[in-house]
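Q: Sequence lines, in order, name chains A and B. Take the first sequence: its position 53, counted from the start at 1, is 56 in this note's numbering, and no numbers get skipped. Take the second sequence: its position 417, counted from the start at 1, is 496 in this note's numbering, and no numbers get skipped.
What the hints contain is simulated information worked out from the structure, not anything from laboratory work. There could be a bad hint or two in this list.
What the hints assert, rightly or not - Quick list of simulated restraints, FRET-style, between CB atoms:
hint: 1; chain 1: B; residue 1: Ser126; chain 2: A; residue 2: Arg62; range: 18 to 24 angstroms
hint: 2; chain 1: A; residue 1: Arg42; chain 2: B; residue 2: Leu377; range: 46 to 52 angstroms
hint: 3; chain 1: B; residue 1: Arg152; chain 2: A; residue 2: Ala18; range: 27 to 33 angstroms
hint: 4; chain 1: A; residue 1: Arg95; chain 2: B; residue 2: Pro448; range: 48 to 54 angstroms
hint: 5; chain 1: B; residue 1: Ile327; chain 2: A; residue 2: Ala18; range: 23 to 29 angstroms
Unchecked claim - Okay, derived cross-link-like pairs now, BS3-like style, lysine-lysine, Cα gap no bigger than 25 angstroms in a straight line:
hint: 6; chain 1: B; residue 1: Lys543; chain 2: B; residue 2: Lys554
hint: 7; chain 1: A; residue 1: Lys21; chain 2: B; residue 2: Lys167
hint: 8; chain 1: A; residue 1: Lys77; chain 2: B; residue 2: Lys167
The C-beta atom is built at its ideal place from N, Cα and C for all residues, glycine as well.
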Amino acid sequence: MAISIEDVEHVARLARLKLTEEEKETYRRQLSDVLEHARKISEVDTSDVPPTSHTLPLRNVFREDSLRPSLSVKEATGSAAWAVEGAFKVPRII
Amino acid sequence: MEYETIIGLEIHAELSTESKMFCGCSASFGGGPNTKTCPVCLGHPGSLPVTNMKAIEYTMMLALALNCEITPRSVFHRKNYFYPDMPKNFQISQYDIPLSTDGHLDADMNDYVRKVGITRVHIEEDTGKSIHIGESGRIHGAEYSLEDFNRAGIPLAEIVTEPDIRSAEEARAFMQLLRATLEYLGISDCKMEEGSLRCDANISVAVDGKLGTKVEIKNMNSFRSLFRALSYEEERQRFALEQGGGLIQETRHWDDAEGKTHPLRSKEEAFDYRYFPEPDLVPIEPDPEWVDRLRENLPELPQARFHRFMEQFGLARDIASMLTGEKALADYFERAVETGQGPEELAKWIAGDLSAMLREAVVPIQHCPVAPRGLGELVALVNQKVISGKMAKEVLREAFETGKGPQRIVDEKGLSQIADAHELEVVVDEVIAENPGAADDMRTGKEQALKFMMGQVMKKTRGKANPEVASRLLKQKLIGRE
Numbered sequence: 004m005a006i007s008i009e010d011v012e013h014v015a016r017l018a019r020l021k022l023t024e025e026e027k028e029t030y031r032r033q034l035s036d037v038l039e040h041a042r043k044i045s046e047v048d049t050s051d052v053p054p055t056s057h058t059l060p061l062r063n064v065f066r067e068d069s070l071r072p073s074l075s076v077k078e079a080t081g082s083a084a085w086a087v088e089g090a091f092k093v094p095r096i097i
Numbered sequence: 080m081e082y083e084t085i086i087g088l089e090i091h092a093e094l095s096t097e098s099k100m101f102c103g104c105s106a107s108f109g110g111g112p113n114t115k116t117c118p119v120c121l122g123h124p125g126s127l128p129v130t131n132m133k134a135i136e137y138t139m140m141l142a143l144a145l146n147c148e149i150t151p152r153s154v155f156h157r158k159n160y161f162y163p164d165m166p167k168n169f170q171i172s173q174y175d176i177p178l179s180t181d182g183h184l185d186a187d188m189n190d191y192v193r194k195v196g197i198t199r200v201h202i203e204e205d206t207g208k209s210i211h212i213g214e215s216g217r218i219h220g221a222e223y224s225l226e227d228f229n230r231a232g233i234p235l236a237e238i239v240t241e242p243d244i245r246s247a248e249e250a251r252a253f254m255q256l257l258r259a260t261l262e263y264l265g266i267s268d269c270k271m272e273e274g275s276l277r278c279d280a281n282i283s284v285a286v287d288g289k290l291g292t293k294v295e296i297k298n299m300n301s302f303r304s305l306f307r308a309l310s311y312e313e314e315r316q317r318f319a320l321e322q323g324g325g326l327i328q329e330t331r332h333w334d335d336a337e338g339k340t341h342p343l344r345s346k347e348e349a350f351d352y353r354y355f356p357e358p359d360l361v362p363i364e365p366d367p368e369w370v371d372r373l374r375e376n377l378p379e380l381p382q383a384r385f386h387r388f389m390e391q392f393g394l395a396r397d398i399a400s401m402l403t404g405e406k407a408l409a410d411y412f413e414r415a416v417e418t419g420q421g422p423e424e425l426a427k428w429i430a431g432d433l434s435a436m437l438r439e440a441v442v443p444i445q446h447c448p449v450a451p452r453g454l455g456e457l458v459a460l461v462n463q464k465v466i467s468g469k470m471a472k473e474v475l476r477e478a479f480e481t482g483k484g485p486q487r488i489v490d491e492k493g494l495s496q497i498a499d500a501h502e503l504e505v506v507v508d509e510v511i512a513e514n515p516g517a518a519d520d521m522r523t524g525k526e527q528a529l530k531f532m533m534g535q536v537m538k539k540t541r542g543k544a545n546p547e548v549a550s551r552l553l554k555q556k557l558i559g560r561e
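Using the sequences and the hints given, assemble the complete structure.
A: Below, the structure written as structure tokens:
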């Protein structure tokens, strides 16, 4: 299954990646290979196998609705590059 | 050409659990920035979410109240996007297999019922709050933004309706009924102003049955702005169609101060959220016994109570609708009815004067200074003709302001009506003697004169004369008939 340069550019934009023309071609080839591999796997007849979203045979893992201590504001924002009065400061969004 | 407005709503309700959806931080409103965060809701690497069972239970209660089917096996998905209000760069939500689907909620529109299909009710986590700093105070032109993640991870129920709503009035009525349903279930604070209940709308105008271009409206923070925004948008779209102009599929932002919608972003470059199953969370398969138990234990819901109020108490549609629109108001009414006074009279007082006073003083009915028993007392005083209806209004206000019981106010102020004919006759004779001109006018049949004479009687008795008795006496004496 072939991926176009446009597909690579679209995914790069969604992931906020800036790619050079060479990189785009590299990723186009690599992503095509990955999808080719997936296509190959999908040749296996799975009509009797229910779709899975999780590899573990687990379901209904819940916790009780009870409080646990939160971090202090200092701990919460301590490793942030930019924080002011307890809030994370981020560059302009739009 | 025939126009038809088509509206669908997408509602988010914060669930009133103690802790957040996937961690033990407090889910309460407010607090200083980032005082309720931990590695899970801050999206630190290596932290793992664990599902709050109460949030699942609340969402199922809502789904059952909205007549939905509970999905036997539903899963969580990651909704990926780049925006700083979610530190993980994704929001845990549900996608193609939501917790419940296919319900309906029927809004009473007085002369008809609008049945609104519920496409789905699912569970997700709320995002953080961004404050945009800069001259504009808005996202556009902001210099930087401040992020507070106290809200990030609070459980949210998302309710999506079918495009079954046909007007702004219906949208408001539906939303009020949904709010009441959440309130009766006791699963959400439902404060639109604080953002614990939020609503977006899709609206289009079909021409001669042909579907139009869909526009999404955001930022409607009250029932009033929901109504105004949809009315405005309906008008804008119809005007554009009448002028032969085209409409584009887009998201528009409601500006409440300006009373207009503005384009926010074009849907053509809609986000590609790259949903995929959340690998850190396992599927939800509710035990059918759990679902049955929740269904059996659902409280009486607003619609059922509305119909019961009309049947059991003989209330008019609009009054029954108003009283049942808020659980505490309906509870207050039922407690007042227990005093044995007439339900219709009690309802009238609650829906009228009492509600006006509560609104004016910005006091919720739960903290009403006049107890339901006090209101019963007031109605009894009127029925026993101890005080007039007009006087009762003043007594109610006094009771509201001082917290004293109506009977006590009447006793203390000596407000009991003078209904005794002998006592009043003395006053009436005095009034006739002091106002010979008006008395003559009355004798010659001038209607206005009676009002004047009544006014004089009231003045002399400081409003305490029973109006019926006084008027009867005046007529007897001056025109020889009652």
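Q: Does each hint hold? Answer for all of them.
A: We went through each hint and held it up to the structure:
1. The hinted window of 18 to 24 angstroms between Ser126 of chain B and Arg62 of chain A holds, with their beta carbons roughly 22 angstroms apart.
2. Against the hinted window of 46 to 52 angstroms, the Cβ-Cβ separation of Arg42 of chain A and Leu377 of chain B comes to about 49 angstroms, which satisfies the hint.
3. Distance hint check for Arg152 of chain B and Ala18 of chain A: the Cβ-Cβ separation is about 31 angstroms, which falls inside the suggested range of 27 to 33 angstroms.
4. One distance hint, 48 to 54 angstroms for the beta-carbon pair Arg95 of chain A and Pro448 of chain B, holds here, with the actual separation near 50 angstroms.
5. For the hinted restraint 23 to 29 angstroms between Ile327 of chain B and Ala18 of chain A, the CB-CB distance of approximately 28 angstroms keeps it satisfied.
6. Restraint check for Lys543 of chain B and Lys554 of chain B: the C-alpha separation of about 19 angstroms stays at or below 25 angstroms, so the hint holds.
7. The hinted pair formed by Lys21 of chain A and Lys167 of chain B meets the criterion: a straight-line CA distance of about 21 angstroms does not exceed 25 angstroms.
8. Of the supplied pair hints, the one linking Lys77 of chain A and Lys167 of chain B holds, its CA atoms being roughly 20 angstroms apart against a limit of 25 angstroms.
Comparing the model with each numbered hint stated earlier shows that all of them hold.
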